[in-house]
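Enquirer: Line by line, the protein sequences give chains A and B. The opening residue of the first sequence carries number 1019 in the working numbering; numbering runs sequentially from there. The opening residue of the second sequence carries number 3 in the working numbering; numbering runs sequentially from there.
Honestly, the hints are just simulated from the structure, not real lab data. It is possible that part of the hints are untrue.
Partial chain A-side listing against chain B, Cβ under 8 Å, derived [said to hold, decoys possible]: (1) G1035; (2) N1067; (3) A1106; (4) S1107; (5) E1157; (6) S1173; (7) S1441; (8) G1442.
With beta-carbon atoms standing in for the labels, derived distance ranges [what the hints assert, rightly or not]: (9) Q362(B) <-> D1111(A): 55 to 65 Å; (10) Q56(B) <-> D1315(A): 41 to 51 Å; (11) N399(B) <-> F1242(A): 28 to 38 Å; (12) A1353(A) <-> D305(B): 48 to 58 Å.
List of simulated lysine-lysine pairs, BS3-like, C-alpha gap at most 30 Å [claimed, not checked]: (13) K1082(A) <-> K288(B); (14) K112(B) <-> K1082(A); (15) K359(B) <-> K420(B); (16) K440(B) <-> K1135(A); (17) K288(B) <-> K359(B); (18) K1236(A) <-> K269(B); (19) K1340(A) <-> K1279(A); (20) K1182(A) <-> K43(B); (21) K1279(A) <-> K1022(A); (22) K212(B) <-> K398(B); (23) K1022(A) <-> K73(B); (24) K1338(A) <-> K43(B); (25) K1098(A) <-> K118(B); (26) K1448(A) <-> K398(B); (27) K1340(A) <-> K125(B); (28) K1241(A) <-> K112(B); (29) K1338(A) <-> K315(B); (30) K1049(A) <-> K1314(A); (31) K73(B) <-> K9(B); (32) K212(B) <-> K455(B); (33) K1338(A) <-> K1283(A); (34) K315(B) <-> K330(B).
Note that this is a predicted model, so its numbers are computed, not measured. Idealized CB from N, CA, C, for every residue including glycine.
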Amino acid sequence: MQAKDIAQYALKALMDGGADKAKCVLVSSEKNELNLEADNINLLRTTFNSELNLKVIKDQCIGKISINKTSTDFINQAVKDVLEMAEASQPDDAHDIAPMQNPEEFNDGVDTPDLDKMYQRLEEFQAQTKKRYPTVLLEGSIIDYTRTSAYTLNSNGVDFCETKGNYNFMAMFTAKEDGNVSSFNYDSIALKNLDSSLIETGQFDTLLRQSSEQTVLKPLAGKFVGDVIATPSAFASFLGSYLGYLRDYYMISGASVFKGKVGEKIAHDFLSVSSNPTSDQLADRCFVTSDGFRVKDIKIIDDGILNTYLVSQYGGNKTKLKNLPNDANRLFIAAGNKSLEDMIKSIKKGLLLCRFSGGRPSGNGEFSGVAKNSYYIEDGKIQFPVQEVMVSGNLVDGFRNIVDISKERNESGRSFIPWVQVSGWTVSGK
Amino acid sequence: MLPSSLKEFAGHFTDYTELRVQENRNTQITLLNGDVTNNTKSSSSGISARVYHQGLWGFSSSPEWSSDSVKAVLKSAVHNAEFMASRGQGRGFSFELKSANKRLDLTTKKPRLTQKELIDFCKILDDYILKTYPGLQSRSVVLANLDMEKRLLTSFGSESYSMIPRANIFIRLSTEGSDGPCELYNFCGGLGQFEDIFSTPEAIYPEIDKLHEHLMNKKQGVYAQAGEQTVVLDSDLAGILAHEAIGHTTEADIVLGGSVAAEMLHKQVSSPLVTLVDFAHSYEGKTLPVPVYMDDEGTSAEDTVIIENGILKSFMHNKESAQHFGHKGTGHARAYQFSDEPLIRMRNTAILPGTSKLEQMIASVEDGYYLVKPSNGQADSTSEFMFGVPLGYQIKNGKLGKAIKDTTISGVAFDVLKTIDMISDKMSWGNAGMCGKKQIIPVGMGGPAIKCKLNIGGR
Chain A
1019 MQAKDIAQYA LKALMDGGAD KAKCVLVSSE KNELNLEADN INLLRTTFNS ELNLKVIKDQ
1079 CIGKISINKT STDFINQAVK DVLEMAEASQ PDDAHDIAPM QNPEEFNDGV DTPDLDKMYQ
1139 RLEEFQAQTK KRYPTVLLEG SIIDYTRTSA YTLNSNGVDF CETKGNYNFM AMFTAKEDGN
1199 VSSFNYDSIA LKNLDSSLIE TGQFDTLLRQ SSEQTVLKPL AGKFVGDVIA TPSAFASFLG
1259 SYLGYLRDYY MISGASVFKG KVGEKIAHDF LSVSSNPTSD QLADRCFVTS DGFRVKDIKI
1319 IDDGILNTYL VSQYGGNKTK LKNLPNDANR LFIAAGNKSL EDMIKSIKKG LLLCRFSGGR
1379 PSGNGEFSGV AKNSYYIEDG KIQFPVQEVM VSGNLVDGFR NIVDISKERN ESGRSFIPWV
1439 QVSGWTVSGK
Chain B
3 MLPSSLKEFA GHFTDYTELR VQENRNTQIT LLNGDVTNNT KSSSSGISAR VYHQGLWGFS
63 SSPEWSSDSV KAVLKSAVHN AEFMASRGQG RGFSFELKSA NKRLDLTTKK PRLTQKELID
123 FCKILDDYIL KTYPGLQSRS VVLANLDMEK RLLTSFGSES YSMIPRANIF IRLSTEGSDG
183 PCELYNFCGG LGQFEDIFST PEAIYPEIDK LHEHLMNKKQ GVYAQAGEQT VVLDSDLAGI
243 LAHEAIGHTT EADIVLGGSV AAEMLHKQVS SPLVTLVDFA HSYEGKTLPV PVYMDDEGTS
303 AEDTVIIENG ILKSFMHNKE SAQHFGHKGT GHARAYQFSD EPLIRMRNTA ILPGTSKLEQ
363 MIASVEDGYY LVKPSNGQAD STSEFMFGVP LGYQIKNGKL GKAIKDTTIS GVAFDVLKTI
423 DMISDKMSWG NAGMCGKKQI IPVGMGGPAI KCKLNIGGR
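Just chain A, same shape as in the assembly (with noise of 0.2 Å):
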């Protein structure tokens, strides 16, 4: 059978055994991955899987069953045990599948991987970082490219076909000279294509330049509250956690920080953020939501209001809020009109904070955490990179208290964000 087939026999035997309602979503995929190890590009790795992911609603109860094999011996056995489970569940009235809509095929990015131009790129990456940074070694670096092709139909007459590929790109890295060694650091990136030396693309060459300044660290005494710019891979993790008060878990258990606040300012001025899957501007886009939606771009925060809650189908059911047809998976913050330069030269004390390596926030926002690969400001100047730096505040605070966010953005292929300069964190030293 052909795979948009096998969606089609799955769904029906859902359907057939007895399921009120029924999803079925079928991601082929094939990978193709070159691996470079302590300096050595040493691996080749092909891989190839089929999923199979089915989902029951029977007398509003929910069974969720995945496997990766498409005889139909396999389907028809785990058509009988997802009915099971369906039945052995609880009923709740908030579980549902998305309704028809319009069917659509999509097909985006690469057809085929270029291995050799993989390859050759992999080998310039190493040869360049080499030649540049020479006291950086390159701990692991894995180029891929991935194709995956995912059918998604339910009962209600969702019939999407979401084709695409893309290769991704990442490197971790440390520097060591005369025995002193610098924090890892990494970066990572979706690329439409090969056309670029990989050291050009995302931060790669900036953070492989600051790991080669980074053996040799100053410790910081005592601490102060002040200003913090956090670089994009920084304000990538804050942003994430910030935006998980908006999803199911904490709207659901009713303990967000957020509730009751769409259409409030619960950000600076200055803050815009998006969820933009479908846009030309990313490597890797996507069109279909994980509940079966055709995908809408949306505002989340708007001007530093808060636009929408970011509640799947069923957390929108139970909560009764509106729930947009979007993962919020592909950041897009608005660019501010500084300048990084400039905004480092505003600042009489702070910290560049390039990489953040924390606890997980508390649930009003508490955050601490250790600022690695990261520098100290004064008198608008960086001076050193710091040695055991902490920072500690708070996340729903400190998006209130953004002071400036950079013209430039870093572009990763999943997401635009920029530098954001925050007051009022506390950065401690021993």
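Following the hints, position chain B against chain A.
Expert: Same frame as chain A, but now just chain B:
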């Protein structure tokens, strides 16, 4: 059901080859405020082959394990290895090839519970929380089971079969604090299938009561004082310290990637009180949370003493790194999914117990903290670590004081270990952790309580 043997394919091996068939089976049930929000089973299985040719690797995998599929996977892995050899220069190692045959099957002998019985078990726990503690803002009960079943055949004759399960129940409680939501979670469970670990829901009630008591203390909690502090880390935190801060920096691939530990072999790296071991499968006659008798390269697994009385003694290896360093391989190469290649991974990592009593350790601190539970953690090539701490208490004049709010601790591990001056005589093991390093994988970690100095985040 995995095929009973892979031997029929041995004739298709050309170079050094590992052929592995594997199935991971997951069950997850989530109750959030009494509603079943997740009721899921998944199974992921298939075959993979890894081939070493002229010092370089080729790997391939497929979800099908028919005879034709296995042969195609072997051919594809050879093709990939040849592609690598045509482009690059391998390091030309020749591995130590000592064959062995191991079998470990921890499938329960008891009748399996149905999905309804599992959901009902969770529902009873949820009902208990609701009835006993009605003032909570929210509650969730999560049941998570993972069975990992593998069969391996190598070109040098090693064979293994393992079925290693783990089952856990996570409880998360949230209350309204003076400055917003205050939450705390804990888990129980470990090695084995659900039926072998959990007898009745009632047996878990004392854990829920303890969690609620801590939550109420935390609700009144204070900020920790930021900066360097004297702390007593309870065993869960000592375990994550052993795993994250020391374990990762002594994995040979991280050492080759620039870890600070590269320069420290056979040197004093900690207080002489510290002996730290990555155990293969058992300690003091008891099976550990992640028992490994043979790794996924066909190497027999043995204990690795990483630090002995304060001296760094060895790194953790796969076959390739063991050759590079001229060390003996002790079986650390493990893969999570059938489609994953083996990486150097820890198994059961722990600091060994000392002679002090926990009460004495707390009593010896004039002004500091007793830190009880970790959340997430991260290590670094410098050995600088960070752990989230959702549960801890002040120590004032040798006595426990107020609970503290969520915080984070950090330090340079090889410096922090030198400050250890007391280690408790009792240890415990945790088995809910997943370690992330390209792939995730179950790990065990444990330890006694330790007293040391490190940085704490706060106000």
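Enquirer: Hints first: check each against the structure and report whether it holds.
Expert: Consistency of the hints with the structure:
1. G1035: violated, 16 Å
2. N1067: Holds: closest Cβ of chain B sits about 5 Å from N1067(A), inside 8 Å.
3. A1106: At 3 Å from the nearest chain B Cβ, A1106(A) passes the 8 Å test, so the hint holds.
4. S1107: Holds, about 5 Å.
5. E1157: Result: holds, 3 Å to nearest chain B Cβ.
6. S1173: violated, 18 Å
7. S1441: This hint is violated: S1441(A) lies away from chain B, its Cβ roughly 16 Å from the closest one there, beyond 8 Å.
8. G1442: violated, 12 Å
9. Q362(B) <-> D1111(A): 55 to 65 Å: Holds, since Q362(B) and D1111(A) (Cβ atoms, about 57 Å apart) stay within the stated range.
10. Q56(B) <-> D1315(A): 41 to 51 Å: Once the Cβ atoms are compared, 49 Å apart, the range 41 to 51 Å for D1315(A) and Q56(B) holds.
11. N399(B) <-> F1242(A): 28 to 38 Å: holds, 30 Å
12. A1353(A) <-> D305(B): 48 to 58 Å: Check passed, 55 Å falls within 48 to 58 Å.
13. K1082(A) <-> K288(B): violated, 37 Å
14. K112(B) <-> K1082(A): Judged against 30 Å, a Cα distance of about 25 Å means the pair holds.
15. K359(B) <-> K420(B): With Cα atoms ~20 Å apart, K359(B) and K420(B) stay inside 30 Å; holds.
16. K440(B) <-> K1135(A): holds, 23 Å
17. K288(B) <-> K359(B): holds, 23 Å
18. K1236(A) <-> K269(B): holds, 25 Å
19. K1340(A) <-> K1279(A): holds, 13 Å
20. K1182(A) <-> K43(B): Judged against 30 Å, a Cα distance of about 27 Å means the pair holds.
21. K1279(A) <-> K1022(A): Roughly 43 Å separates the two Cα atoms, so the pair is violated.
22. K212(B) <-> K398(B): Since the Cα atoms of K212(B) and K398(B) sit roughly 22 Å apart, the hinted pair holds (cutoff 30 Å).
23. K1022(A) <-> K73(B): Holds: K1022(A) and K73(B) sit about 27 Å apart, inside 30 Å.
24. K1338(A) <-> K43(B): Holds: K1338(A) and K43(B) sit about 28 Å apart, inside 30 Å.
25. K1098(A) <-> K118(B): holds, 15 Å
26. K1448(A) <-> K398(B): holds, 21 Å
27. K1340(A) <-> K125(B): Holds - the C-alpha atoms of K125(B) and K1340(A) are around 29 Å apart, at most 30 Å.
28. K1241(A) <-> K112(B): violated, 58 Å
29. K1338(A) <-> K315(B): violated, 60 Å
30. K1049(A) <-> K1314(A): Holds, at about 28 Å.
31. K73(B) <-> K9(B): Given that 30 Å is the threshold and the Cα spacing comes to 12 Å, the pair holds.
32. K212(B) <-> K455(B): Within the cut-off at roughly 27 Å; holds.
33. K1338(A) <-> K1283(A): Roughly 21 Å separates the two Cα atoms, so the pair holds.
34. K315(B) <-> K330(B): holds, 12 Å
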